[in-house]
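Assembly of the complex is requested from the two constituent chains, each provided in isolation within its own frame, with the hints serving as guidance.
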Amino acid sequence: MSGIWVVVEERDGRVSRNSWEAVAAGQKLAALTGQAANAVVIGAQTEPLAAEVAAKALAKVVRIEHSLLAAYTADGFTLALQQFIEAEKPYYVVFPHTYQVRDYAPKLAARLGQVLIGDVTAFAEGPTFVRQLMQGRLNGSYRHSGNGPCFVSVQAGAFRADEAQAGTAAISTFAPTIDPAQIRTKPSERFRGAAQTVDLGAAQLIVGVGRGIKDPANIPIAQELATALGAELGASRPICDNGWLPMERQIGSSGQTISPKLYLAVGISGAIQHLVGIKGSQCVVAINKDPDAPIFEVADYGIVGDLMEVVPALTEAVKAAKQ
Amino acid sequence: MKIIVAIKQVPERDAQVRIDAAGKWIEESGLQYALNESDAYALEEALQLKEKHGGEVVVLTAGPERVGPTIREALAKGADRAIHIDCADLGSRDALGVAKLLAAAVKPENPDLILTGLQSDDLGQGQTGVIVAELLGLPHSSLILHVEKTDTGLTVKRELEEGWFQTIELPLPAVLTIQSGGNKLRYATLMGIKRAKTKEVRTVTATELAVDSAPVAILERVVLPQKQKSTQILPGNPKEAAAALVEKLKFEARVL
Numbered sequence: 001m002s003g004i005w006v007v008v009e010e011r012d013g014r015v016s017r018n019s020w021e022a023v024a025a026g027q028k029l030a031a032l033t034g035q036a037a038n039a040v041v042i043g044a045q046t047e048p049l050a051a052e053v054a055a056k057a058l059a060k061v062v063r064i065e066h067s068l069l070a071a072y073t074a075d076g077f078t079l080a081l082q083q084f085i086e087a088e089k090p091y092y093v094v095f096p097h098t099y100q101v102r103d104y105a106p107k108l109a110a111r112l113g114q115v116l117i118g119d120v121t122a123f124a125e126g127p128t129f130v131r132q133l134m135q136g137r138l139n140g141s142y143r144h145s146g147n148g149p150c151f152v153s154v155q156a157g158a159f160r161a162d163e164a165q166a167g168t169a170a171i172s173t174f175a176p177t178i179d180p181a182q183i184r185t186k187p188s189e190r191f192r193g194a195a196q197t198v199d200l201g202a203a204q205l206i207v208g209v210g211r212g213i214k215d216p217a218n219i220p221i222a223q224e225l226a227t228a229l230g231a232e233l234g235a236s237r238p239i240c241d242n243g244w245l246p247m248e249r250q251i252g253s254s255g256q257t258i259s260p261k262l263y264l265a266v267g268i269s270g271a272i273q274h275l276v277g278i279k280g281s282q283c284v285v286a287i288n289k290d291p292d293a294p295i296f297e298v299a300d301y302g303i304v305g306d307l308m309e310v311v312p313a314l315t316e317a318v319k320a321a322k323q
Numbered sequence: 001m002k003i004i005v006a007i008k009q010v011p012e013r014d015a016q017v018r019i020d021a022a023g024k025w026i027e028e029s030g031l032q033y034a035l036n037e038s039d040a041y042a043l044e045e046a047l048q049l050k051e052k053h054g055g056e057v058v059v060l061t062a063g064p065e066r067v068g069p070t071i072r073e074a075l076a077k078g079a080d081r082a083i084h085i086d087c088a089d090l091g092s093r094d095a096l097g098v099a100k101l102l103a104a105a106v107k108p109e110n111p112d113l114i115l116t117g118l119q120s121d122d123l124g125q126g127q128t129g130v131i132v133a134e135l136l137g138l139p140h141s142s143l144i145l146h147v148e149k150t151d152t153g154l155t156v157k158r159e160l161e162e163g164w165f166q167t168i169e170l171p172l173p174a175v176l177t178i179q180s181g182g183n184k185l186r187y188a189t190l191m192g193i194k195r196a197k198t199k200e201v202r203t204v205t206a207t208e209l210a211v212d213s214a215p216v217a218i219l220e221r222v223v224l225p226q227k228q229k230s231t232q233i234l235p236g237n238p239k240e241a242a243a244a245l246v247e248k249l250k251f252e253a254r255v256l
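Sequence order for the protein chains is A and B. Each residue of the first sequence is one higher than the last, beginning at 1 in my numbering. Each residue of the second sequence is one higher than the last, beginning at 1 in my numbering.
With the rest of the complex left out, here is chain B (with noise of 0.2 Å):
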């Protein structure tokens, strides 16, 4: 089974994000990047994937220079090579634009699966798989916690609200959206990193896949959330703070 990967690079977890001068992202300077979380879920699902019925991983990825740590990653977690779209103006684009980047970078590679992660941490939109489904002809399905490979597909366990689940069978080519938690993720190995370094990576340009970039939906100002509640921070050492805490859940909320 030939399996592609598109994973995505967001500012890391805990990164203290900025707002830059211009209002319409954030300062780019300075933060840490990291592999977007349900994309590992999702590259992970692959590597077992592959480990069961044999084939090959290829990462795919959009984005500027600073990416290839992250491609390497992949590829010393276990992907045989990856493809690496050059695009610095991935933030303009919208989740048509990319989805289009990447569909037609898969398209020549004639993958029997495609799997991402069901969203990215950083803009949330959670629709790149499902339009590069649409745009490639395939069915898809979403928010799917395991994978199994039966004669005639595959049959996915796809996540619904508030503690339900539903089984669904699909033909391949397919594209599947993994939402995270479903596998224990690796880590890559000192031989794996070491291997990663001879893989194949190979790069496109945004300019050479001729995908137009005009966005439909234009993100125009960012802006710090509005409180939804006055909260009282109490000060002092954790000893003091914990029992300021104490007194006002017992005699202000009366919570206690």
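The following block holds chain A by itself, in its conformation from the complex (with noise of 0.2 Å):
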């Protein structure tokens, strides 16, 4: 066994910021273990994706090229994986924690008798590698037993893709074995959903409604607040799914990604899919009546109390310094 394996995913033909972010990861794992940090890029045709990556301070860059590997599906991408990982032995595989890899890499892990250790936010000597638990309000500590490859997913932002370091990268091409028959799903082209008339990514002052307004009856209070600022008005995912304010104004992983600066969490506890979506964000403020809310984690200033008293008071309080 040796080396440590990053798996390099794309976006609109070019390397995707998180897989930058899991090259940085895959090249501190080395640092902490003493192993050689490489890369593979998965697809029909790799060798740009592969250009792009042989320039990081990998040893070696392997394109894992095969026709039926043009569109991304679980079959074929874990077929090709296990292949090549029973070829090359890695001590350590890592991912970025994108929707994709968690639709193939536990099934991957599984496979070859493992367990992926997902949405890793750290790595400490061992290693032992941290992953938030109860919606972010803990983290737990995870050590990887046995003699198989340890999978480890990392979290969107958990390392910094300019951290990358740069380098020259040998590439080479693995050919993996894959009949047709052995991909029994068929994906369509991405689309988006309902035409995005919110931009969220450009407002400048955002004030976020989350489970805690309880009724949306409610939501006016949040809005009354935002007009009042001249603001946007943004969601966390419960309030979208309960068809209270509509899906484009959903803020998180699934949702839009902001980067204002002010956001104003009102009621929101900070689920990790939430936070990925506002991590942006110059100033954050929170209110919430759990003082142990994830979201007070991330906020520069916070208010402890009652929504429906704080947010009519702070409206009021906007208003007068406007005057």
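Just so you know, not all the hints are guaranteed correct.
Straight-line distance between alpha carbons at most 16 Å, and here's what the computed EDC-like set of lysine to aspartate or glutamate pairs gives [as the list claims (entries may be wrong)]:
1) K184(B) to E37(B)
2) K214(A) to D14(B)
3) K279(A) to E162(B)
4) K157(B) to E189(A)
5) K186(A) to E37(B)
6) K319(A) to E247(B)
7) K149(B) to D112(B)
8) K194(B) to D80(B)
9) K184(B) to D241(A)
10) K322(A) to E247(B)
11) K197(B) to E28(B)
12) K227(B) to D292(A)
13) K52(B) to E148(B)
14) K186(A) to E169(B)
15) K289(A) to D14(B)
16) K261(A) to E148(B)
17) K186(A) to D151(B)
18) K50(B) to E148(B)
19) K239(B) to E316(A)
20) K239(B) to E309(A)
21) K229(B) to D292(A)
22) K107(B) to E208(B)
23) K229(B) to E297(A)
24) K319(A) to E240(B)
Output of the computed footprint for chain A on chain B, the stretches with three or more beta carbons under 8 Å from beta carbons of chain A [to be verified]:
25) 16-30
26) 102-114
27) 123-132
28) 167-178
29) 229-243
30) 247-255
Non-contacting residues of chain A with respect to chain B, defined by C-beta distances greater than 12 Å in every case (computed) [stated by the list, open to error]:
31) G34
32) P48
33) E52
34) A54
35) A57
36) D75
37) Q100
38) A109
39) N139
40) A166
Keep in mind the hints are simulated off the structure, nothing from the lab. All C-beta atoms in this analysis are idealised placements derived from N, C-alpha and C, irrespective of residue type, glycine included.
Shown next, in the form of structure tokens:
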């Protein structure tokens, strides 16, 4: 067994941002374990992607290439990586924790008698791997046991893409054996949902509403604060799931990513999926009745209290300050 | 269509969680438990498919005796019967270990479709359904918002990141992990609650399923997260706190 292999994904023909973060994580793990960091790219035409990755400080970049890997399928990617891993026998396989990885990495690990340690936010000596529990209220430290490869995926934003060190890697090709009948699912091209008419990504001031609002009849309280501030109204997933605000106002990994000057989180506990979407905010304010809510871990200012009282008071204070 | 829905009982969302004395898990005494949110959506999808196409909905869960009320809740909402894998050491098994238990219980049932939520609200690993599919040799798709039965199998709508979606066709039998928000959840009716009391709940033990339990991924320690920022908590009554916050945002953070 030898080496660390980072599985790189593409987005619009380029190496995705999350993948650069995974490369940086792989290099960190290499420093921690003394193993060499390498990378694989997977697809039907991987030459440009491999060239892009090979400009980083990695020992090898391998193109896992097959015509049946043109579109992602769990069956195809699992088979291809299974064959590669059985041939290469790595100590560690590092993925970006994307929706695609969540779809096949647990299957791949299980096929090899292993378990993915997913959504990891940090590594420590051992190595041990830290991931969040209880919706971000606690951290768990995990260790891999046994002799097989250790599979790890890293949370978006946990490692910095710009810390992926530059260098030169040797490129080679690996040709897996895949029979068309082994691919059981047929994916379509990806498509957008309803037309995005609200661009929260560009908004400078955003008020986000979460479960703490309790009832759709209370939404106007948050709307009045947004209006007083001249802010856009956004929401966490459960609010949109319930249809209290339209899906296009959803902030988080499945919705929009925001980077405003001010993000005011009202009744939002701060689940991982939401926090990923607000990482770019310059100043975060949290209003929540639970002082232990994870949102306070990322907030610059906080008010612990009943939002039904705090938000109207804040609306008045904002109006008064503007006069 | 015979559908198995794998559900999990998790600590209630607003529960105050404390780390246990050994620092290995949370203190479970005194905790309130509830049905995992995305599992509730998986159950809803199963009930709607049954209403459209007929068949049977069987709920499957692993856990200690306290999962009883969660099973009854699923039966009250309309599931036909339940299988309870009686297992007190769920927390010491990893995702593969739990999936092995579920797969062993599913196998003799030969269902057409297995649904589960995309992830649990306590461990948040999001792996169980995908691994069950692998163990049973079935195709799967994850993060599903909409399911349609076709002549040859299923057409499903899969959620991707940042507002993108994808349609996937797959044959039956299959496993789907369901994302929240695809359907509106139903409440149990009084009649449903009454009926649930007479529905079959079959209990099997982890030992009877003959599944090994040694974990590959071991949770060694549970700790409180370190704060990424030092949060200034503004004290006082709502009016005072609000006024202080506006001052801070104007003159300290300079974002207003």
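(message) I'd like to know which numbered hints this structure contradicts. Please list them from smallest to largest.
(response) 5, 11, 16, 26, 36, 37, 38 and 39
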